[in-house]
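Trainee: Residues per chain are reported as follows:
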Amino acid sequence: MTINPASLNKAIIYGAASVALYYLLFLYADKTIEWATLTREGQKIYFLMPVVIPFVFSLVHGAFTAYFWDALGMKPAAQNNGK
Amino acid sequence: MMDSISFIELNAFNVTLLFIVGFIGGMVSGFIGSGGAFVLTPAMMTLGAPGIVAVASNIAHKFPKAIVAALKRHKYGHVDWKLGIIMGIFAELGMLAGKIVMSGIKDTYGDTGTSLYVSFIFVVVLAIVGGFVLRDAYKMYRAEQAGADVHEHKKTRLARWVQSVRIPGTMMYFTSLKAEVSVLFIIPLGFATGALASSIAVGGFIGVPGMIYVLGAPALMASATELVIAFVMGLGGTLLYAWDGVVDVRLAMIILAGSLFGVQLGAIGTTYVKDHTVKLVMGVIMITVLFSRFFYIPGYLSELGLIAPITEGTHHLLKAVGDGTLALALLLGAVIILGALLKGMAAHRKRHEQLAMVDGIEE
Numbered sequence: 001m002t003i004n005p006a007s008l009n010k011a012i013i014y015g016a017a018s019v020a021l022y023y024l025l026f027l028y029a030d031k032t033i034e035w036a037t038l039t040r041e042g043q044k045i046y047f048l049m050p051v052v053i054p055f056v057f058s059l060v061h062g063a064f065t066a067y068f069w070d071a072l073g074m075k076p077a078a079q080n081n082g083k
Numbered sequence: 084m085m086d087s088i089s090f091i092e093l094n095a096f097n098v099t100l101l102f103i104v105g106f107i108g109g110m111v112s113g114f115i116g117s118g119g120a121f122v123l124t125p126a127m128m129t130l131g132a133p134g135i136v137a138v139a140s141n142i143a144h145k146f147p148k149a150i151v152a153a154l155k156r157h158k159y160g161h162v163d164w165k166l167g168i169i170m171g172i173f174a175e176l177g178m179l180a181g182k183i184v185m186s187g188i189k190d191t192y193g194d195t196g197t198s199l200y201v202s203f204i205f206v207v208v209l210a211i212v213g214g215f216v217l218r219d220a221y222k223m224y225r226a227e228q229a230g231a232d233v234h235e236h237k238k239t240r241l242a243r244w245v246q247s248v249r250i251p252g253t254m255m256y257f258t259s260l261k262a263e264v265s266v267l268f269i270i271p272l273g274f275a276t277g278a279l280a281s282s283i284a285v286g287g288f289i290g291v292p293g294m295i296y297v298l299g300a301p302a303l304m305a306s307a308t309e310l311v312i313a314f315v316m317g318l319g320g321t322l323l324y325a326w327d328g329v330v331d332v333r334l335a336m337i338i339l340a341g342s343l344f345g346v347q348l349g350a351i352g353t354t355y356v357k358d359h360t361v362k363l364v365m366g367v368i369m370i371t372v373l374f375s376r377f378f379y380i381p382g383y384l385s386e387l388g389l390i391a392p393i394t395e396g397t398h399h400l401l402k403a404v405g406d407g408t409l410a411l412a413l414l415l416g417a418v419i420i421l422g423a424l425l426k427g428m429a430a431h432r433k434r435h436e437q438l439a440m441v442d443g444i445e446e
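Residue numbers (the working numbering), protein chains in the order written: chain A, 1 to 83; chain B, 84 to 446.
One or more of the hints may lead you astray.
Stated by the list, open to error - Here are the computed lysine to any residue pairs in the SDA-like style, where the Cα-Cα straight-line distance is at most 20 Å:
no.: 1; chain 1: B; residue 1: K426; chain 2: A; residue 2: D70
no.: 2; chain 1: A; residue 1: K75; chain 2: B; residue 2: G422
no.: 3; chain 1: A; residue 1: K75; chain 2: B; residue 2: L425
Said to hold, decoys possible - Here are some chain B residues pointing at chain A (derived, C-beta under 7 Å):
no.: 4; residue: F90
no.: 5; residue: R333
no.: 6; residue: M336
no.: 7; residue: L343
no.: 8; residue: F344
Source of the hints: derived by calculation from the structure; they are not laboratory data.
Even for Gly, the Cβ is constructed at its ideal location relative to N, Cα and C.
This is chain A alone, in the form it adopts within the complex (with noise of 0.2 Å):
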C-alpha cells in the first residue's frame, strides 16, 4: 500500500479539525439534549440546530474521511462512468 503525502498532509488536518468538532459534542453532549428539550417545550429557535450541526460535521468530516482513504492509496479507477 503506498502512501500519498500530499493527502496525508491534509487528512492530518481535517482529522484534527474533524476529532475537535467530536470533541465538542461529547463536552456539550447535554446541552444539545437541553436544544431538544427546549424545542419540545415551544422554544422553537432552537429547532436548526440538528441540521446545522450536522452540515458543519459533514463537511469537515467529509473531508477528512475522503483524504484518509486517498492517502492510503484508495483511489477510483479513471474513466468508469457506468456505461
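Place chain B on chain A using the hints.
Mentor: This is chain B only, laid out in the frame that chain A set:
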C-alpha cells in the same frame, strides 16, 4: 407526552456499535444509493432510544451523508442532479402521504398494526423488486461469462416505451437517460419512493429500480442519483423532526462518523464495477431483508390476537433472529462491495504495471 422522551446514555459500547453499523451502512449507501437505515434504526432502539428518536436521528445523519456521497459520485460523472431533485421533491410529498397512512393505521390498530403493515410492505416490495433486480443481475452476469458485450447499457422494453411517449408541455431532457421523458412518469416514481421511505425507511428500494427499469437509467447512475433524492427527503424529514425536538444530534453524529468513512469507500467501489454488480448487491440485500421480516410476523400476529399467543421467550428469540438477519443483509452487501473493490484495484494495478513495462521496452 412528548416531554417524557428520554435520550439514551452514551458509553463506549454504544458508541462503538453505532460507529461500526454506521460504517457498513455508509458503504452500502455509497454503492447502491441507499440502505443502512433498516439496521441503524433497530440498532438504536435496541440500545434504548424511543422509536421516534431512532427514526429522527437516523434521518438527521442521512441527509449530510447523502450529499457527501452524491458530491463524490458527481466527480465520477454518475449523478443526474435534475432527475434527483425532481424525484426528491415528489418523494417529499410521498413521505407526507405515507406518514398520514401510518398514523391512520396506528390510530385504528395501534403500534403492532403499523409494524405488521411495515412488514407486509417489506415482503411485497422486496419480493417483486428484489427478485426482478437479482434475475437481471444474474442474466447480465451470464451474458458476460458467455462473452457477450454487456458494457452497453440495455434499456428495458418498458423504459423504451416510456421514453417514446410524448406529452406536450411535460417533456424534459435527462442526462442519465440521454433522452426526453415526460415528468408525468417521474412524479409517481418519486411519490412511491417517498411513501416507501416513510414506511420502511429505505425509499431507494423503489427509487433505484424505478430509474433503471421504468425510466431507463444505467444502474450506476440510478444508484448515484438516488443519493440526491435521499438528500432532499432527508433534509425535509430532519426539519420536521427537529421542529418536534426529537432528534438526538449526538446519536446522529456518531453514526455519521462511521458512515462517512463507509460512504467514501462505497463510492470509490462503484468506479471498479460494472452495472450488474450494483444490481447484484441491491438484489442480495433486498432478498435477505425480505427473509428477516418472516421472523417478526408471528410476534405481531400473536399480539393482535390473530394467531394463538406465543411465549415471551419465543417472541424475543424470533426478533433477535430477525435483527440478526438484517445485520447479515448489510454485512453480505459490504463483503461483496469490498471484494469487488479490492479485486478491481488489483486488476487495475496489474494493467498499469503491464502498460508501464510496455512503455519501458519501447523506450
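Trainee: Now look at each hint and say whether the structure bears it out.
Mentor: Hint check results:
1. K426/B with D70/A: holds, 18 Å
2. K75/A with G422/B: Status holds; Cα separation ~15 Å.
3. K75/A with L425/B: Holds - the C-alpha atoms of L425/B and K75/A are around 11 Å apart, at most 20 Å.
4. F90: It holds, given that the least Cβ distance between F90/B and chain A is near 5 Å, below 7 Å.
5. R333: holds, 5 Å
6. M336: It holds, given that the least Cβ distance between M336/B and chain A is near 5 Å, below 7 Å.
7. L343: Result: holds, 4 Å to nearest chain A Cβ.
8. F344: holds, 5 Å
This entry satisfies every hint, going by the numbered hints stated previously.
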